[in-house]
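Undergrad: Starting from the known structure of chain S, fit chain R onto it as the hints suggest.
Sequence order for the protein chains is S and R. Residue numbering for the first sequence is 1054 to 1705, as defined by this note's numbering. Residue numbering for the second sequence is 1054 to 1705, as defined by this note's numbering.
It is possible that part of the hints are untrue.
Label-pair ranges, simulated between beta-carbon atoms [as the list claims (entries may be wrong)]:
| # | chain 1 | residue 1 | chain 2 | residue 2 | range |
| --- | --- | --- | --- | --- | --- |
| 1 | R | E1187 | S | E1472 | 53 to 59 Å |
| 2 | R | S1424 | S | G1479 | 25 to 31 Å |
| 3 | R | E1212 | S | K1237 | 19 to 25 Å |
| 4 | S | N1105 | R | D1152 | 36 to 42 Å |
| 5 | S | S1445 | R | R1123 | 21 to 27 Å |
| 6 | R | I1206 | S | Y1608 | 58 to 64 Å |
| 7 | S | R1435 | R | E1513 | 57 to 63 Å |
| 8 | R | A1490 | S | K1180 | 35 to 41 Å |
| 9 | S | A1423 | R | D1152 | 34 to 40 Å |
| 10 | S | T1552 | R | S1424 | 45 to 51 Å |
| 11 | R | R1123 | S | K1237 | 35 to 41 Å |
DSBU-like mimics (lysine-lysine), calculated; alpha carbons at most 35 Å apart, straight line [said to hold, decoys possible]:
| # | chain 1 | residue 1 | chain 2 | residue 2 |
| --- | --- | --- | --- | --- |
| 12 | R | K1489 | R | K1575 |
| 13 | R | K1102 | R | K1396 |
| 14 | S | K1374 | R | K1610 |
| 15 | R | K1063 | S | K1063 |
| 16 | S | K1374 | R | K1374 |
| 17 | S | K1374 | R | K1103 |
| 18 | S | K1406 | S | K1643 |
| 19 | S | K1396 | R | K1374 |
| 20 | R | K1611 | S | K1374 |
| 21 | S | K1063 | R | K1374 |
| 22 | S | K1180 | R | K1449 |
| 23 | S | K1429 | S | K1396 |
| 24 | S | K1102 | R | K1449 |
| 25 | S | K1676 | S | K1693 |
| 26 | S | K1676 | S | K1290 |
| 27 | R | K1200 | S | K1128 |
| 28 | S | K1314 | S | K1643 |
| 29 | S | K1102 | R | K1610 |
| 30 | S | K1575 | S | K1489 |
| 31 | S | K1406 | R | K1374 |
| 32 | R | K1192 | S | K1610 |
| 33 | R | K1102 | S | K1449 |
| 34 | R | K1565 | S | K1374 |
| 35 | R | K1610 | S | K1200 |
| 36 | S | K1063 | R | K1180 |
| 37 | R | K1611 | S | K1103 |
| 38 | R | K1103 | S | K1449 |
The hints are simulated quantities; they were obtained by calculation from the structure and are not laboratory data. Don't be surprised by glycine CBs; every beta carbon is placed ideally from N, CA and C.
2 protein chains.
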Amino acid sequence: MNNARWIWCKGDFELYHSIQLHSRREELGVEYPVMWALYPPFPNVVFRKKFNARRAGSFQVSVRGKAYIRVDGEKYAPETEIPFTAGEHDIEIPVLCADGTFPCVFIDSEELITDESWICVHASTEKYPVGTMEEYCDKNDNPHIFKFSYEPIFPVASERIGEGILYDFGRETFARLQIERGDKEQTYRLCYGESREEALDAQNAIIRLTLAGQDRYDLDGRAFRFVFLENAADSVKVRANYEYLPLKDRADFSCNNPEIKKIWDVCAHTFHLNSREFFLDGIKRDRWVWSGDAYQSYMANNYLFFDNNITKRTILALLGKPPYAQHVNTINDYTMYLIIAVKEYYQNTGDSKFVAFVWPRICALYEFLASRTDEKDYVCHRSGDWIFIDWSPMDKSGPLCAEQILYWQTKNAMATLSELVGEDGGNYTAEAEKLKAQILRDYWNEEKGAFIDCHTSGKENVTRHANIFAILYDFVDEDKIQKIYESVLENDAVTPITTPYFEFFELLSYGKLGKIQHIQDKIESYWGGILRLGGTSIWEQFDPNREGIDHYEMYGKKFGCSLCHAWGSGPIYLLGRYCVGVYPTDVGYKTFRVEPNPGKYKSFQGTVPLPEGEVQVEYADGKLSVTAGAEGGTLLWQGKEYTLEKDVTLTV
Amino acid sequence: MNNARWIWCKGDFELYHSIQLHSRREELGVEYPVMWALYPPFPNVVFRKKFNARRAGSFQVSVRGKAYIRVDGEKYAPETEIPFTAGEHDIEIPVLCADGTFPCVFIDSEELITDESWICVHASTEKYPVGTMEEYCDKNDNPHIFKFSYEPIFPVASERIGEGILYDFGRETFARLQIERGDKEQTYRLCYGESREEALDAQNAIIRLTLAGQDRYDLDGRAFRFVFLENAADSVKVRANYEYLPLKDRADFSCNNPEIKKIWDVCAHTFHLNSREFFLDGIKRDRWVWSGDAYQSYMANNYLFFDNNITKRTILALLGKPPYAQHVNTINDYTMYLIIAVKEYYQNTGDSKFVAFVWPRICALYEFLASRTDEKDYVCHRSGDWIFIDWSPMDKSGPLCAEQILYWQTKNAMATLSELVGEDGGNYTAEAEKLKAQILRDYWNEEKGAFIDCHTSGKENVTRHANIFAILYDFVDEDKIQKIYESVLENDAVTPITTPYFEFFELLSYGKLGKIQHIQDKIESYWGGILRLGGTSIWEQFDPNREGIDHYEMYGKKFGCSLCHAWGSGPIYLLGRYCVGVYPTDVGYKTFRVEPNPGKYKSFQGTVPLPEGEVQVEYADGKLSVTAGAEGGTLLWQGKEYTLEKDVTLTV
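Bound-form chain S, shown alone (with noise of 0.2 Å):
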């Protein structure tokens, strides 16, 4: 029969390998795990499901856990046949995991299936949906593994220095890597590296391992481009097995400047390998999961693999479980992200189931947020809080313009959500409007024509996190835009953005804005400027005035800068956003946009996916083509509007 899947309370699966995950950072030979709560998920429930069979028959059930059967009152054991009678029929399924793992089962039968029209118990009174995912489809998967592709791949190069052997992988991967024909009366000492630098320090690489007492090592999958093994006779054999998610690129991007060609390539290379069980900040290091890095990456993924499925995980491995006492990764301006997220998730996507079982939780972390403000209600500082926003020096002293207006987007977003699942959101409007009269009054400067950070301190000072968020967020009106445009995004005297990390949000700013060309010379200087020094993954942090291994350094620690970081990927939104021109006018894409902008590219090729199918755009010599995967798009040209036809390519 088809369609069985295994099946667990829903939410847990992800608890579980965000536990798994964020137990793995290692540093200097140090373990490193998160700081910040994680969930975990229940030890037992209890499966359930009426199922009326056509005819008699019989089912055997698997499990991952300790385990009964009871089919009307009769026990059973896993792993035996269970017979059954034509007719109605209750079945539970008692599963308890004393190690930590998830209960979960499996059954595939003539007349019984696992899949989701089951449900789950845990404590008496509470129903749960069950989780599946089409990976887990035979009875001899197990949820508690997750599952990867692999590939092997090889050295490109090696080369003897002094007692090991350095290996060149030829551009940045994760990958398990195999070590054969060692010796196992050797010690060996294996170093990892981003850069051939990192792999031949033994003191300062981040990831290094002393192996010892095996002629064969298979080991986890680490993030590198090199390796050294200290001590490797020549008769040693070192490959890998590539481990990857196995998204399909569902864009491409070219123009008449092959760099660019080369920096998108790179910059979807970076994404793969950071979208792994959920979206990650870098593979090297953290190997976290940030609400912030992660709100980058949901973009990034409608533009490359529309994979809705690791947005949704991402968010349920984020929101952990009620009830909450910390903000997301600890971060005040990361919980509001995660709202806002589940709202642009359900506004591209139109998943309204998802957002009904994650309601609940967005409520109660609405709750804790709200539960913390100030008496004028703003989010201010509060013991345990982390106010972020940026690396960036800013004004803290007082309650910061950038958290008040994400929390009046968080309001918006709660409304939105609200209707969505049938509850009145007009409390949350009527708040979003007193909130934004009260920052408009206290945070606005007429004179600076910008946000000024904290209205308390008497310092006004102007940084431009607040007044990038209030383009985005379409905070203000037209003028209050063009002065933003004018007093602190085109004012050097404004303190730059530093992280590349705010640097998407301005550069999107731009794109709003129209100023296209500002991101593609961006593009050119920052992106180009790392594959100029022969980066193959694009970096977490990349100044140019910087010089050699200098680039590496970071947080005070000589190899301390990721090469490998997601929020390097922003070219693929930012191209496909704004150049290509792609975006929704309706929930989940039932209608979109198709609005190119060459600036300064005298031609180019841009395919960008939507739910269902890809639209692809060619623009050559003022010609324009554009051919449309789906109904329901609009082609907007030169200030004229054309309807597009489902797999009719348009030229104009």
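TA: Frame of chain S, contents of chain R only:
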């Protein structure tokens, strides 16, 4: 340095070991995990302490889990020497357990130890106290393994029967069976039996295993007196390691009837076997923690071991952790026993620190309970609930009287506990009074001189249960007590109690009314009856009208009856409380009374524990001697009061 202890997030030790315990049940060769909700420990926490070093030094940290140590911002690995200067230091130790265990750490050095002065943080805004146990005080200890004591035991007889050998260990035990000098090629069937008949009945024995492939087996702890090893050659050696908690018997009882001393000893043995990680119901079958059974065990404990630790562990395991979506063990009455038990624990111990720790959980549990009552605030059946009280038939067609009296007592307990933690309990008291008036109006039937089961069905059915609670919890005045005594307790037309579980409550009510001889008669007939049938521990149920192996049948299973059941230990409490007559008259036995009542015994000798010290009472030839090992005692004898001085024997 002394007093170093492993530390963990308080309560998580109990949650973890409860999951382990509740995964161990097996029945007729099938796993039988518990079906009510279990609650996992936190997978990760941060341990914190500020410490002031008198001089420079160093320390090492042992950890169970992945961890690092941060001292004044500097990172170190576990099991390395961590230096510090004289003066103030901030330490934090994030620990993550990805395998379902719970984080714990240990430091034992000159200047710094782990102890209850540390705090623990899961989510950043909530601090928890740490838990410790004196059993875990060495760096090689592992709190993930519950620490039992072991003692080798040997069969007292063996007998070849067909292809196998039956081993008799002489009396009921719980032990790790060891089989030596076996045959690797042989497949053994092993049957455990609490009775000889069970061990010899491979089809119906509750616990049985198939062993193959080894010549030596060291099996998990299980309950048995007999084991039958099929296919055993004569050369096979069978022995066992008795697995137990080294709790000290601090009580004793004997009288002119030597059978009573034997009964008391078998009760003590039974209670010992069931006192493990927590108070179990029985050691063969469920091995689960049930709040109703545990409620009776708390009482027996105070008259045998007076070990507060096992009571606290049991309460924490039963409480689990909010948010609550089910009753304790899914049973409404069991939720209420638990709340009442916390109040009684406080009254017996004065341990306000424990009450303060569990208070948020108790409040959440009470809120769950109170959120599901009917419009009159009566406890009623809601989906997912189990209105139990007892297996006897009673009129459960509407809110049940026994539940309401428990609810009244629960509100009283909430009032007492509120005051204790510095909150106003006035609301609970007012609600209790209102509820009481309602119960008296709706359920008291003056004509019958009894409370009826149900006031909505019109059936006016009388069972003993509510009437027993009315006496036990001082719900009614002297006049009604007398009526209940005559119309219910002493009225054979009212269906007798059929379970030893509720029989205990009935005997308590006789004790409360001073009818000690009824208790003494029952001990001789019921408990004596089990011993006369060869019982070496007290059974879950005993019906003198049954014969032969029919005694072992229960729940529709040939050997379904547990032959070693905690609730069988009632005489320990009954004799200590009502014959020796020791009970507290102020919190934690600051003052206590000794009110002996020989009843039908011509002479008796009894010892009952106080929190510190014991009370010894000897009665013979009308002469009474009392020695109390603590201050605060008063003797009440033949209507006269005598002050007891510590360690001074008073003879009257």
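Undergrad: Work down the list of hints and note, for each, if the structure agrees.
TA: These are the hints, each one checked on the structure:
no. : hint                          : verdict
1   : R:E1187 x S:E1472: 53 to 59 Å : holds, 57 Å
2   : R:S1424 x S:G1479: 25 to 31 Å : holds, 26 Å
3   : R:E1212 x S:K1237: 19 to 25 Å : violated, 52 Å
4   : S:N1105 x R:D1152: 36 to 42 Å : holds, 40 Å
5   : S:S1445 x R:R1123: 21 to 27 Å : holds, 25 Å
6   : R:I1206 x S:Y1608: 58 to 64 Å : holds, 60 Å
7   : S:R1435 x R:E1513: 57 to 63 Å : holds, 59 Å
8   : R:A1490 x S:K1180: 35 to 41 Å : holds, 38 Å
9   : S:A1423 x R:D1152: 34 to 40 Å : holds, 36 Å
10  : S:T1552 x R:S1424: 45 to 51 Å : holds, 48 Å
11  : R:R1123 x S:K1237: 35 to 41 Å : holds, 37 Å
12  : R:K1489 x R:K1575             : holds, 32 Å
13  : R:K1102 x R:K1396             : holds, 32 Å
14  : S:K1374 x R:K1610             : violated, 41 Å
15  : R:K1063 x S:K1063             : holds, 29 Å
16  : S:K1374 x R:K1374             : holds, 13 Å
17  : S:K1374 x R:K1103             : holds, 31 Å
18  : S:K1406 x S:K1643             : holds, 17 Å
19  : S:K1396 x R:K1374             : holds, 31 Å
20  : R:K1611 x S:K1374             : violated, 45 Å
21  : S:K1063 x R:K1374             : holds, 20 Å
22  : S:K1180 x R:K1449             : holds, 26 Å
23  : S:K1429 x S:K1396             : holds, 25 Å
24  : S:K1102 x R:K1449             : holds, 28 Å
25  : S:K1676 x S:K1693             : holds, 14 Å
26  : S:K1676 x S:K1290             : violated, 54 Å
27  : R:K1200 x S:K1128             : holds, 34 Å
28  : S:K1314 x S:K1643             : holds, 30 Å
29  : S:K1102 x R:K1610             : holds, 27 Å
30  : S:K1575 x S:K1489             : holds, 32 Å
31  : S:K1406 x R:K1374             : holds, 29 Å
32  : R:K1192 x S:K1610             : holds, 33 Å
33  : R:K1102 x S:K1449             : holds, 28 Å
34  : R:K1565 x S:K1374             : violated, 48 Å
35  : R:K1610 x S:K1200             : violated, 44 Å
36  : S:K1063 x R:K1180             : holds, 29 Å
37  : R:K1611 x S:K1103             : holds, 31 Å
38  : R:K1103 x S:K1449             : holds, 27 Å
Checked against the numbered hints given earlier, the structure breaks hints 3, 14, 20, 26, 34, 35 and satisfies all the rest.
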